[in-house]
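The residues making up each chain are set out below.
Protein chains: 2
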Amino acid sequence: MSDVPWKGSAALSGAGYSAVELDAANERLFMLDQRRLPGEVQYLELGTVCAAAAAIRDMVVRGAPAIGISAAYGMVLAARDARALGAEAYLEAMRAAGETLRGTRPTAVNLAWAVRRSLVLAEQHAPERGEARWREQAELGRRLHREDVAACRAIGRIGAARLPDGATVLTHCNAGALATGGYGTALGVVRAAAEAGKRVRVLADETRPYLQGARLTAWELQRDGIEVTVVTDGMAGHCMSRGMVAAVVVGADRIARNGDTANKIGTYGVACLARHHGIPFYVAAPWSTVDLNAAAGSAIPIEERAAAEVTHLGGQRIVPEGVAAYHPAFDVTPAELVTAIFTERGEIRPPCDLRHPPWAERGPAT
Amino acid sequence: MSDVPWKGSAALSGAGYSAVELDAANERLFMLDQRRLPGEVQYLELGTVCAAAAAIRDMVVRGAPAIGISAAYGMVLAARDARALGAEAYLEAMRAAGETLRGTRPTAVNLAWAVRRSLVLAEQHAPERGEARWREQAELGRRLHREDVAACRAIGRIGAARLPDGATVLTHCNAGALATGGYGTALGVVRAAAEAGKRVRVLADETRPYLQGARLTAWELQRDGIEVTVVTDGMAGHCMSRGMVAAVVVGADRIARNGDTANKIGTYGVACLARHHGIPFYVAAPWSTVDLNAAAGSAIPIEERAAAEVTHLGGQRIVPEGVAAYHPAFDVTPAELVTAIFTERGEIRPPCDLRHPPWAERGPAT
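These protein sequence lines map, in sequence, to chains A and B. Counting from 5, one number per residue, gives the positions in the first sequence under our numbering. Counting from 5, one number per residue, gives the positions in the second sequence under our numbering.
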């Protein structure tokens with residue numbers, strides 16, 4: 005792609021495209037408008053934290069890690085606006101910006117996590133009025149972005165070890181480069197397997213209502229030359245019954261400390277089907293997705309989005325006028341259906357207590 | 005509806021709309037173009053068996069029983085064209101017409117069944133050259149149509165007895181009035197429960213890729229004043245886990261003699277989910293759907309339709325150019341996942357051998 009808008013500054017995603025990047029001057033966010041993919045590759049230019057929040061809410065960017073990075077960058081724009089304020093007013097402005105961002109998508113815990121990191125920094129540097137606040141927030145945002153890509157690569161290596169050569173991986177939604185800082189979580193596992201020389205192909209659930217699988221997973225795997233076939237969500241069971249699926253790998257929007265995993269609506273059904281067919285079901289997610297405050301999945305808030313996202317498709321009404329639709333955006337897969345969780349810190353096999361991960365016995369948890 | 009085109013002649017469907025009707029002069033088939041629902045109610049007028057076959061292939065009409073009746077009516081148009089031929093030439097013409105019809109949709113067994121009934125009649129009356137052939141084929145078509153509606157009502161009564169008052173029924177695809185001669189199979193069960201005074205509501209899987217649930221099930225239940233909520237296919241598991249589903253009722257395109265059931269793609273996944281959650285899974289279908297020649301589901305041919313039905317939506321491409329899609333139109337639910345099969349002859353609880361249904365012990369099988 006020749007038309008990436010951050011030409012001159014390096015893309016932290018490590019690819020020819022990014023879900024989100026901060027420009028070299030720390031003044032603008034570039035967000036790939038994922039609602040327009042695959043038909044059109046268009047980056048939105050966002051100059052304020054409110055614009056960034058609106059873009060998150062409107063699904064310009066989606067995927068828990070990518071939302072987290074977008075929020076951190078949103079806080080950079082907030083710090084820029086508030087750089088000349090007194091310490092108290094600066095902190096007030098940053099907290100308000102954080103609230104705005106946190107309100108956009110309730111299920112992705114990375115969002116709250118990134119805002120919290122930014123606010124901790126804000127408290128530290130509030131006394132230093134001026135450019136330093138802005139620059140330091142930008143450094144934090146870029147660090148979180150780099151760490152996320154590194155986490156995805158580590159997750160990929162850990163997960164890829166579980167994929168046999170010649171495996172067909174079924175995935176739901178998009179847990180790829182577009183859902184993260186770059187490289188992807190579930191698709192990072194696929195990429196790492198391919199980089200390790202394994203033959204691997206992907207069956208992508210189209211993932212109604214937003215079609216992240218058909219539009220985004222297919223788009224980014226095609227760019228990487230990894231074989232991908234799209235199926236409707238209802239075909240997953242049939243494909244499993246025909247022996248077409250070696251493993252399921254999905255991402256996560258939030259993981260409770262017992263391993264219960266919230267992810268895009270439909271994931272739970274895929275997990276039940278995997279169990280029915282004796283197929284391993286893996287969750288791939290950075291540690292920032294783990295919510296140690298949530299004892300179990302029941303503590304995870306499930307966002308309900310507008311029914312119009314179900315009743316309409318491409319602007320066209322598919323459900324009769326006056327008929328109701330229900331749109332929970334996420335569901336919770338109980339830990340007992342999860343074969344393993346891949347994080348950058350290591351692999352966890354439920355049942356588990358993520359406050360005491362297995363590797364903590366070998367060294368201090370971080 | 006004031007604009008049904010068969011004004012003057014009675015609709016055999018028993019409703020203000022019909023999937024298919026033969027006009028009073030036995031010259032034209034009226035088919036409700038289900039591809040345009042719910043946006044537009046438009047009947048196609050078909051004057052030849054080839055036009056009828058094309059309409060079946062192109063999904064103007066769908067649903068195994070409705071396809072069967074359409075085929076029987078298509079044979080009426082063939083008999084009209086061939087009414088002046090000699091006996092041998094007439095039979096030849098009718099067999100060719102039957103082949104054309106049979107080639108349109110391989111999974112629905114009712115289609116082959118209706119064609120066979122028509123050809124048996126053709127052999128009987130081949131010697132009587134002239135109008136009698138045409139009239140007798142029309143009488144047969146109408147008899148099959150009336151029998152189908154009566155069968156749906158009987159199925160409905162039998163199935164409704166299994167639904168508790170206040171039940172929410174999850175259904176997949178459209179097994180309603182639009183999929184049959186009228187009244188419906190799975191939705192016939194719902195209608196009969198409502199007519200018996202039970203409070204009943206429906207969760208309709210939208211049923212990608214053709215959206216029969218979102219478009220057709222929602223449309224006809226709304227017309228009947230039965231509460232219906234549309235969910236995407238991936239939401240079924242979540243709804244079950246939340247205790248929102250009392251029973252699953254679906255139709256069938258073909259039932260093997262061991263009870264294995266072919267139905268719209270996605271049905272098998274719903275059956276696995278129902279089993280996982282301990283929810284009864286019912287199949288409602290007329291006896292014409294039973295294929296005693298198929299020992300098990302593996303003997304049922306599964307139609308693969310064009311990938312474009314997955315890659316495009318409303319004429320718009322949703323999957324990137326060059327990415328493959330897979331489109332098996334049906335799947336097979338093994339009998340062990342089926343709680344009961346409702347037919348107009350009675351209820352069957354797998355495991356079973358449909359050559360020897362339970363009611364045969366109480367009287368001769370027909």
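Incorrect hints may appear among the rest.
Short derived list, chain A residues pointing at chain B, Cβ under 10 Å [stated by the list, open to error]:
id	residue
1	123
2	226
3	311
In short, the hints are calculated from the structure, not lab data. Glycine is no exception: its CB is placed at the ideal position from the N, C-alpha and C atoms.
The hints, checked one at a time:
Because the smallest distance between the Cβ of residue 123(A) and any Cβ of chain B comes to about 33 Å, over 10 Å, the interface hint for this residue is violated. Annotation: interface hint on residue 226(A) holds; nearest CB of chain B at approximately 5 Å, less than 10 Å. For residue 311(A), the shortest C-beta to C-beta distance to chain B is roughly 9 Å, which falls under 10 Å, so the interface hint holds.
Violated hint for the displayed structure: number 1, the only one.
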